[in-house]
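> Read off the chains here:
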Amino acid sequence: MDKRALIADLKERIAGGEPGNAGLPGAISLGTGINEALPDGGLRKGALHEIAASAYRDMGAATGFLAALAVCAMKDSSRPVLWCEAWRPPFDMGRLHGPGIAAFGLDPARLLLAAPPGDSDCLWVMEEALRSRAFAFVAGEVDGRSSALSLAATRRLQLAAEETQTPVLLFTGHAKGSASVAVTRWHVAGAESRNILYADEMERLPGCPRWDISLARCRGGQPGRWRVEWNAQERVLSRVSPVKEGETKPAPAKARAAGDDIVFLRQTA
Amino acid sequence: MACDGRALAAGAEPGQLVPDAMALCPKLELHASDNEADRKALDRLAVWCGRYTPWVAADPVGAGEEPDGLLLDITGCAHLFGGETKLLSLLCGRLEGFGLTARCAIASTPGAAWACARYGCQVSCIVPPGEEAAALQGLPVAALRLGGEEISGLVRLGLKRVGDLYGKPRAPLAARFGANIARRLDEALGFEPEPISPNLPHVPYRASLAFAEGLTRQAHIEDAIKRIAADLCEVLEQERKGARRLELQLFRVDGEVTRLFAGTSLATHEASHLAGLFREKLGSLGDDFDLGFGIEAITLACLAVDPLSPEQEGFDKTGERRFGLEQFVDRVSNRFGADRVLRLEPRASHIPERGGATVPALRGITPAMLGWKTYMDEHRAAVLGGSLPRPLRLLPAAEPVDVVAEVPEGPPRIFHWRKIAHRVLRAEGPERVSPEWWREGNQRTRDYYRVEDDEGRRFWLYRDGLYHRDNEGPRWFLHGVFE
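Chains as they are written, first to last, in our numbering: chain A, 1 to 269; chain B, 1 to 483.
Check each hint, because a few of them may be wrong.
[Said to hold, decoys possible] The calculated lysine-lysine pairs, modelled on DSS-like cross-linking and capped at a C-alpha distance of 30 Å, are: (1) K226(B) <-> K281(B); (2) K241(B) <-> K226(B); (3) K40(B) <-> K281(B); (4) K241(B) <-> K281(B); (5) K281(B) <-> K176(A); (6) K75(A) <-> K419(B).
[Stated by the list, open to error] Sample of chain A residues with no beta-carbon within 10 Å of chain B, all distances over it, derived: (7) A61; (8) H97; (9) G105; (10) A216.
None of these hints come from the bench; they were simulated from the model. All C-beta atoms, glycine included, are put in the ideal place defined by N, C-alpha and C.
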């Protein structure tokens, strides 16, 4: 192996070893292991993507995944993020909460919320936002069952995203998505977080948010299912132990490796 | 009682008692007066007259008890319509077209015009400058806008005509009737200034456009708005001003005036952007916007301006994107309303629902928003092992849930929310949030728990009230949904 090949190989390994490596410039990195399954080495920026919750109860998890992508997209841009909620939230899961967003690692000062009166208005606002080139990331919540979400409407978004190289995400709730030209479609479910234990009490506390994301559709990519963790302090999305195919429920906590848990030892005087 | 021309011809007189008038003319048609509607109609007419001059006021003094006229200051405006004579005939013709019987007069002072319109001419007249005294000479003293007692007093003294007052010693009159008569006379003759205070606030910048034929298509109107916006922006640019608030008036052929308002988040003098704002407005009006027989004139006025320092265009192409965000905010705000594009502002409150507020993005970045940075720094340190202290989504109202807990003051083990049972595997808490004592209302202490169920869904629950302190037992609520 000559020197150049060796260096390239090492570079690749270093880049691959970093959680949330930068990926390609035209894509949002989803972490090692997932980037490889996507044709663009990550979530392509100038494209429309769809996110749906696996079930009604997973709406929070899907919101989290969406917010995580927003934070990743904000990292290499100084522009703000637009989040379009319908005026009456279609999913009845509440509205975005400022302190929660801040705790998540998304700077609320860089977030604009739009609340257009209807679904078609929401799509209009999203397209306007893309065309204005003022945003690093555009997200919109439109019920997947809505008649406004036609093939033509999604194509308009896709074209605007391609033209302006701005990622646009459609959050379609938990409904089965209708016909769409979205480049990728993701299903998100909540996943058990890492245990945080106090050694003496064995009280289990929730840890970093984790989600099971599955790539349901991707042109030129490989469908797959991964478990990811969001680190709000580092603002990185990283892959954790893979979910086996066909496994619906995560393994019980006891069966998992001890190294997966964080244990805080209480100091005694 | 007021009456129209036909009633006058039949012998009725304004101010007459109804039985007297009925005796003179049994066929008289009677309608109850509606002062409120009259005043509104007069105000509408004042707005319409704004096309001839921006300086329009509803006349505060009427011949009767209610205001019944309009004052237009046409200084510097008449030549735009081909001179005073043409302006007057144009105005009278239009008013007649609306079915109004108008009496108009142009004079150098409001007082003289008032007198001539009501007591002098038949339909319209123009008093040349300097001839007010001659024009008013033969008119009754009521033409001087005096009170009823002053008029009857003067008539008793034999001073029936305005001309009778010329050259009379002032002191005895003032002693008898007060200074009003002399003041009104001086105002009418131009010896004393009388300002007109217009209905509309002073508008520093405006542009207008009139069309020979009414525009009946929306596309044409949009083109016209573009042209008029270009005119306005040229002036703004010369003066280095940017528009913040704008009003567009569309004058319909039949006298209706549609007024549209738009605001911008950043002062701008970019014509295409301003025109775009009104295009959104017109678009959002949709079918409600009735063009009638067409739009014959358009006025675009800047109600508020801000100084704008000249910006250097960037050398690269990024320069043109500078205002992308502001323009986006303006367009969406003007289409759906300012409360539809929002930014988040932190609030100094531990009560979660008061911990953040939304403000219209039109206001731009407020100083309070810098508080988010402090908030984020504080909370980053507080995160233990990665779990987050506040949920991404907060329900608009906390929803009551049924909870089974191992110990009364412990975290929940099982809870039912929206008809689904959740078995809690992990819980963290309590985080105690005390009510703000300075607020009204019976609020209770809340103990918040972050819980995760066996399917990996995280929720924010709280126990409302304390066991030992409150009479009725604590109740559980679900307040937020974690990511």
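> Are any of the numbered hints broken by this structure? If so, which, sorted upward?
Checked against the structure, the hints that fail are numbers 5, 6, 7, 8 and 9, while the rest are satisfied.
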